[in-house]
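What follows is the residue order along each chain.
Protein chains: 2
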Amino acid sequence: MSFLREISPLVKNTFLSERDVLSICAAQIAAEIQQDERKNYNEVLDLSSGDLHRGGIKSITFVRQVLAACFYPALLEDDSLPLDVKQRADGLLRQCDGGSVGSYTDSCGIVKIKQCVSKFITRRDGGVPSSPDNIFITSGSQMLMLKLLVQSGGSCRTGVLIPVPTYATFTQALEDQGAAIIPYHLCEEQGWTLQVEELRRALHAGRRTCNPVALYICNPGNPTGIIQSRKSIEEVIRFAAEERLFLLADEVYQSCVYGEDTEFESYKKVLSEMGSTIASTVELASFNSASKGFMGECGLRGGYVELVNLDPAVKEYTRTLFSTRSSPPVGGQIALDLMTDPPKPGDPSFLTFSEVEVFGEIPGISCQPLKAGFFVFPCLHLPLRAIKWAKKKQMEPDMLYCLHLLEETGLHVRPGCEFGQRKDSYHFRFDTMEDALQRLKTFHKQFMKEFS
Amino acid sequence: MSFLREISPLVKNTFLSERDVLSICAAQIAAEIQQDERKNYNEVLDLSSGDLHRGGIKSITFVRQVLAACFYPALLEDDSLPLDVKQRADGLLRQCDGGSVGSYTDSCGIVKIKQCVSKFITRRDGGVPSSPDNIFITSGSQMLMLKLLVQSGGSCRTGVLIPVPTYATFTQALEDQGAAIIPYHLCEEQGWTLQVEELRRALHAGRRTCNPVALYICNPGNPTGIIQSRKSIEEVIRFAAEERLFLLADEVYQSCVYGEDTEFESYKKVLSEMGSTIASTVELASFNSASKGFMGECGLRGGYVELVNLDPAVKEYTRTLFSTRSSPPVGGQIALDLMTDPPKPGDPSFLTFSEVEVFGEIPGISCQPLKAGFFVFPCLHLPLRAIKWAKKKQMEPDMLYCLHLLEETGLHVRPGCEFGQRKDSYHFRFDTMEDALQRLKTFHKQFMKEFS
Numbered sequence: 016m017s018f019l020r021e022i023s024p025l026v027k028n029t030f031l032s033e034r035d036v037l038s039i040c041a042a043q044i045a046a047e048i049q050q051d052e053r054k055n056y057n058e059v060l061d062l063s064s065g066d067l068h069r070g071g072i073k074s075i076t077f078v079r080q081v082l083a084a085c086f087y088p089a090l091l092e093d094d095s096l097p098l099d100v101k102q103r104a105d106g107l108l109r110q111c112d113g114g115s116v117g118s119y120t121d122s123c124g125i126v127k128i129k130q131c132v133s134k135f136i137t138r139r140d141g142g143v144p145s146s147p148d149n150i151f152i153t154s155g156s157q158m159l160m161l162k163l164l165v166q167s168g169g170s171c172r173t174g175v176l177i178p179v180p181t182y183a184t185f186t187q188a189l190e191d192q193g194a195a196i197i198p199y200h201l202c203e204e205q206g207w208t209l210q211v212e213e214l215r216r217a218l219h220a221g222r223r224t225c226n227p228v229a230l231y232i233c234n235p236g237n238p239t240g241i242i243q244s245r246k247s248i249e250e251v252i253r254f255a256a257e258e259r260l261f262l263l264a265d266e267v268y269q270s271c272v273y274g275e276d277t278e279f280e281s282y283k284k285v286l287s288e289m290g291s292t293i294a295s296t297v298e299l300a301s302f303n304s305a306s307k308g309f310m311g312e313c314g315l316r317g318g319y320v321e322l323v324n325l326d327p328a329v330k331e332y333t334r335t336l337f338s339t340r341s342s343p344p345v346g347g348q349i350a351l352d353l354m355t356d357p358p359k360p361g362d363p364s365f366l367t368f369s370e371v372e373v374f375g376e377i378p379g380i381s382c383q384p385l386k387a388g389f390f391v392f393p394c395l396h397l398p399l400r401a402i403k404w405a406k407k408k409q410m411e412p413d414m415l416y417c418l419h420l421l422e423e424t425g426l427h428v429r430p431g432c433e434f435g436q437r438k439d440s441y442h443f444r445f446d447t448m449e450d451a452l453q454r455l456k457t458f459h460k461q462f463m464k465e466f467s
Numbered sequence: 016m017s018f019l020r021e022i023s024p025l026v027k028n029t030f031l032s033e034r035d036v037l038s039i040c041a042a043q044i045a046a047e048i049q050q051d052e053r054k055n056y057n058e059v060l061d062l063s064s065g066d067l068h069r070g071g072i073k074s075i076t077f078v079r080q081v082l083a084a085c086f087y088p089a090l091l092e093d094d095s096l097p098l099d100v101k102q103r104a105d106g107l108l109r110q111c112d113g114g115s116v117g118s119y120t121d122s123c124g125i126v127k128i129k130q131c132v133s134k135f136i137t138r139r140d141g142g143v144p145s146s147p148d149n150i151f152i153t154s155g156s157q158m159l160m161l162k163l164l165v166q167s168g169g170s171c172r173t174g175v176l177i178p179v180p181t182y183a184t185f186t187q188a189l190e191d192q193g194a195a196i197i198p199y200h201l202c203e204e205q206g207w208t209l210q211v212e213e214l215r216r217a218l219h220a221g222r223r224t225c226n227p228v229a230l231y232i233c234n235p236g237n238p239t240g241i242i243q244s245r246k247s248i249e250e251v252i253r254f255a256a257e258e259r260l261f262l263l264a265d266e267v268y269q270s271c272v273y274g275e276d277t278e279f280e281s282y283k284k285v286l287s288e289m290g291s292t293i294a295s296t297v298e299l300a301s302f303n304s305a306s307k308g309f310m311g312e313c314g315l316r317g318g319y320v321e322l323v324n325l326d327p328a329v330k331e332y333t334r335t336l337f338s339t340r341s342s343p344p345v346g347g348q349i350a351l352d353l354m355t356d357p358p359k360p361g362d363p364s365f366l367t368f369s370e371v372e373v374f375g376e377i378p379g380i381s382c383q384p385l386k387a388g389f390f391v392f393p394c395l396h397l398p399l400r401a402i403k404w405a406k407k408k409q410m411e412p413d414m415l416y417c418l419h420l421l422e423e424t425g426l427h428v429r430p431g432c433e434f435g436q437r438k439d440s441y442h443f444r445f446d447t448m449e450d451a452l453q454r455l456k457t458f459h460k461q462f463m464k465e466f467s
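Each protein sequence line maps, in turn, to chains A and B. Note that the first sequence ends on residue 467 in our numbering; no numbers are left out. Note that the second sequence ends on residue 467 in our numbering; no numbers are left out.
Just chain A, same shape as in the assembly (with noise of 0.2 Å):
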């Protein structure tokens, strides 16, 4: 007897996006390296996933600090931990039931956090208001959005516009939902610039296929390590305006922005302030994350979305099905209340960085320089031969040279091609750790002359 007949379409289109090659040879690699059977470098760097504890970032100590008290109560009448930490981690622990991190919470997460999140906010846009009854905390709140979006059965799917390049998991959540993806095409020309013009295009060619509903944007960009211009989120809105689009803001990156000139403005903040037709109509779900940002804590799961504009009868509707699962972990609450309350201003919340010329020096490789987020999204020009040699074992080229490096190097990173990008075009996802970038430049030319 079988199972297999009974499973559902929908998860046998599920793709396996070919990291899955690279994080099994990097398993096999680091085996190999406590086998002592590697030479060239004494550990895999894993730079697959912007997850900032496993590239070798420490935590914030005060948040491990609010963390551990609330976990273990008794270290509030411990004197090695600072007084503002207890004062914390017992403020918390009385919105927990039973004082227990422990007990479930509102599915929604808990009212005090959302207060805090929502005050954060307001801050954040220069005082543009914001409420906590529009916060949903949850550890999946992209996933709970598309379920809300996406209709299922019917005889027309339903499209959600996604740029290229854009990270794997997003792309897959929308095809486990069963919509309809319609790509559109960031200019890396431009600095990767989103150009509206290239976005009606894409709906257009979009319509004769699908129902397109929704818009759905990266700012900053993972992995193009862009910051839209205040011009060109005040361009999209007013498309979405004009098309009736619901507008998905990813904004996870935003703590992170370099440069002088860089900053960033929330697509709230900007469609709060674009005359009261456009600002009391377009909808819009921004999603933040403690994953990213200072926090880096992606093992906490704790992230929100917060919805703007949205019919209260559909807002009620979020409600009931927020209110069907169970309530979000509450270390990933806490860390979303530490992340958007930080101890102090002037504290490591607030690193700046300047401007990043990454690859500036290295043939065959052009990067659009770093102006946010963890990432850039660096272009290879590769030999024909590499490009040849690759084809013929059935292998994007991308993918070649991603697992030359990781053999060569130990730097586990990201082709190109599991994020999209233009026919014949060739990129990896980088992040910009020093000693990961030397690994890459001795490799790099080493590769090129191989293949030349």
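Certain hints may be false.
Claimed, not checked - 25 Å max Cα-Cα, derived BS3-like pairs, lysine-lysine:
| # | chain 1 | residue 1 | chain 2 | residue 2 |
| --- | --- | --- | --- | --- |
| 1 | B | K408 | B | K460 |
| 2 | B | K460 | B | K406 |
| 3 | A | K403 | A | K438 |
| 4 | A | K73 | B | K101 |
| 5 | B | K162 | A | K162 |
| 6 | A | K127 | B | K73 |
| 7 | B | K464 | B | K407 |
| 8 | B | K403 | A | K101 |
| 9 | A | K460 | A | K407 |
| 10 | A | K101 | A | K73 |
| 11 | A | K408 | A | K438 |
| 12 | B | K464 | B | K403 |
| 13 | A | K127 | A | K284 |
| 14 | A | K73 | B | K127 |
| 15 | B | K408 | B | K438 |
| 16 | B | K406 | B | K284 |
| 17 | A | K460 | A | K406 |
| 18 | B | K101 | A | K101 |
Quick caveat, the hints were computed from the structure, so don't treat them as lab data.
Fit chain B to the known structure of chain A by using the hints.
Positioned in the frame of chain A, the structure of chain B alone reads:
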């Protein structure tokens, strides 16, 4: 512009259970108590969710100490923590990328913890082998299994057999996935036992309207407080084999077993001892969780499913389905490690209770004895006047009872109408805390008098 028209029809059908009315009332009463407007009692006792910590039960110190040390590894140097706590935390941190619980883990869970779960299962089942490959750690394993099982679209809906009474969350999850619910009634008169004839009746009725593919069992029972005999489990497995049904065994209360002759036997163990044809073919998913049992860590979101006899291709699909999710919360994973490998036998982990005749002496309430789990599901023999009065108010009679109970005593329990029950029978779910029982007894006498 309203987004209402775009909402997925499935979401629209998600129902808000009656418990929300009670939750709203409970919150209001709690607020009134804070403002000294209540006299009868000092606090609302929340028995609505099976949440131990909310109900005032303390967390296990070992568990919380290990968690605290994992979140804040500086505690590994702290003399106040026991050595075995530090060793365990240190060992767990070594399994985390970058040595941090803030890193993503494998989306099916940390390998070492899956091994730990697997060894626990082998011990529990007296040596029946278990492979970590068949263990999937997640905070929503039931949801994910349903996603795998339930076909969306198509002319014939996927059907799942579920018991009456059962807790509302699972029913909601099924509706959420668009599955057809095929109810089978547990026999209250015979101690809420599961009767195969009733399964057969329900299945044949179900086949007229949908395509039944799975049978869901909750053992030990929620809300019934019963435990299945080995004979009953064997009958169910044979039925599943004959009818080619996938078994979904919710065994999250497996560690809560009371009474001298009462023993928990897992579906997997019984299945393994039923002769090779059945033992090697009946497909089974068994669920367990750190939210229930002696851990009671609902807020951490740690659970797992073990898959038995799945076609390798299907298991691969399952892995793919999991890989589209981010990793499960690391705190919950750690809780599973501690639950399945507690410090030593004889510790609080191994609490035993004797069988409890909870309601023996209250006229108007009859109740099967508590054998396992947290809950009993007592039957209310309500006066006709109470029933008529409730119907006039367009309210289920047991809802009326629960509202009065909350108002008068501060006990927040759930009405039977939420779990399902035979027509014209009324119940409520109750757990067995002494304080709650005293409050109930006083109230019940008064209620019966008022409506007689």
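Checked hints:
Between K408 (chain B) and K460 (chain B) the CA atoms are separated by roughly 22 Å; this keeps the pair inside 25 Å, and the hint holds. About 22 Å separates the Cα atoms of K460 (chain B) and K406 (chain B), which keeps this hinted pair within 25 Å; it holds. Annotation: proposed proximity of K403 (chain A) to K438 (chain A) holds, straight-line Cα distance about 15 Å (limit 25 Å). Taken as a hint, the K73 (chain A) and K101 (chain B) pair is honoured in the structure, with Cα atoms around 20 Å apart against an allowance of 25 Å.
Proposed proximity of K162 (chain B) and K162 (chain A) is supported: the alpha carbons are some 13 Å apart, at most 25 Å. Under the criterion of a C-alpha separation no larger than 25 Å, the hint pairing K127 (chain A) with K73 (chain B) is consistent with the structure, at around 23 Å. Only pairs whose Cα atoms come within 25 Å are accepted, and K464 (chain B) paired with K407 (chain B) is accepted, the gap being roughly 19 Å. For the hint pairing K403 (chain B) with K101 (chain A), the CA-to-CA distance comes to about 54 Å; that exceeds 25 Å, so the pair is violated.
Between K460 (chain A) and K407 (chain A) the CA atoms are separated by roughly 23 Å; this keeps the pair inside 25 Å, and the hint holds. Among the hinted pairs, K101 (chain A) with K73 (chain A) is consistent with the structure: their alpha-carbon atoms are about 21 Å apart, no more than 25 Å. A threshold of 25 Å between alpha carbons decides the hint, and for K408 (chain A) with K438 (chain A) the separation of about 18 Å falls inside it, so the pair holds. Distance restraint check for K464 (chain B) and K403 (chain B): the Cα-Cα separation of roughly 15 Å lies within the 25 Å cut-off, and the hinted pair is therefore satisfied.
At roughly 23 Å between alpha-carbon atoms, K127 (chain A) and K284 (chain A) fall within 25 Å of each other, so this suggested pair holds. Proximity of K73 (chain A) to K127 (chain B) is assessed by CA-CA distance (about 23 Å); at most 25 Å being required, the pair is judged to hold. Our distance criterion of 25 Å between C-alpha atoms is met by K408 (chain B) and K438 (chain B), whose separation comes to about 18 Å. Proximity of K406 (chain B) to K284 (chain B) is assessed by CA-CA distance (about 47 Å); at most 25 Å being required, the pair is judged violated.
Pair hint K460 (chain A) plus K406 (chain A) holds up; C-alpha atoms about 22 Å apart against a cutoff of 25 Å. At most 25 Å may separate the alpha-carbon atoms for a hinted pair to count; K101 (chain B) and K101 (chain A) meet this at roughly 22 Å.
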